[in-house]
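Asks: Sequential numbering from 247 applies to the sequence shown in my numbering.
In short, the hints are calculated from the structure, not lab data. Check the hints yourself; a few may be wrong.
As the list claims (entries may be wrong) - Here are the computed lysine-lysine pairs in the DSSO-like style, where the Cα-Cα straight-line distance is at most 27 Å: (1) 252 - 324; (2) 257 - 269; (3) 269 - 366.
Fair warning: this is a prediction, and the values are worked out from it, not measured in the lab.
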Amino acid sequence: MIRKAKPFDIKGIQRLINFYAEKGLMLPRSLNELYENLRDFWVYTEKRKILGCCALHLSWKDLAEIKSLAVEESFQNKGIGSALVEASLKEAKEFTVKEVFVLSYSPDYFKRFGFKKISKERLPHRIWQECIKCPKFPDCKETALIKQL
Numbered sequence: 247m248i249r250k251a252k253p254f255d256i257k258g259i260q261r262l263i264n265f266y267a268e269k270g271l272m273l274p275r276s277l278n279e280l281y282e283n284l285r286d287f288w289v290y291t292e293k294r295k296i297l298g299c300c301a302l303h304l305s306w307k308d309l310a311e312i313k314s315l316a317v318e319e320s321f322q323n324k325g326i327g328s329a330l331v332e333a334s335l336k337e338a339k340e341f342t343v344k345e346v347f348v349l350s351y352s353p354d355y356f357k358r359f360g361f362k363k364i365s366k367e368r369l370p371h372r373i374w375q376e377c378i379k380c381p382k383f384p385d386c387k388e389t390a391l392i393k394q395l
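When you get a sec, could you build the whole thing from the sequences and use the hints?
Replies: Following this line, the structure appears as structure tokens:
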């Protein structure tokens with residue numbers, strides 16, 4: 247079941263995100279950061295267990311970012327990630343966002359949803375606030391992609 251995250255989901259979201267962060271595939275998230283951004287998150291749950299998560303973060307009046315997309319390893323390739331991305335895109339439309347971007351090590355995954363590769367320099371400087379926390383900065387190999395809504 248996909249739904250907006252609740253405060254009791256945060257530890258499960260953090261466990262999932264930080265599992266992939268330890269592999270160098272995404273940024274780790276502190277409990278404080280997750281609680282502060284709770285309203286950004288969608289979760290996929292089964293039997294009260296968080297099996298997937300994704301955040302839609304509003305960056306500016308007409309720009310949002312999809313981030314922290316993670317699905318439990320044993321539940322991948324079952325459409326959970328796609329459903330979370332679709333829920334985030336639908337929410338972006340409801341907020342009348344015109345563009346949604348993503349920074350990803352898996353650009354082909356997001357191209358399936360109509361995202362197009364762009365230069366990172368096209369994105370506002372505000373997004374680099376998270377990047378400078380990353381141990382891979384400034385030699386990050388993530389690809390920037392954007393989708394027009």
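Asks: All hints are to be evaluated individually against the structure, with a verdict given for each.
Replies: Quick rundown of the hints versus the structure:
no.	hint	in the structure
1	252 - 324	holds, 23 Å
2	257 - 269	holds, 19 Å
3	269 - 366	holds, 23 Å
Comparing the model with each numbered hint stated earlier shows that all of them hold.
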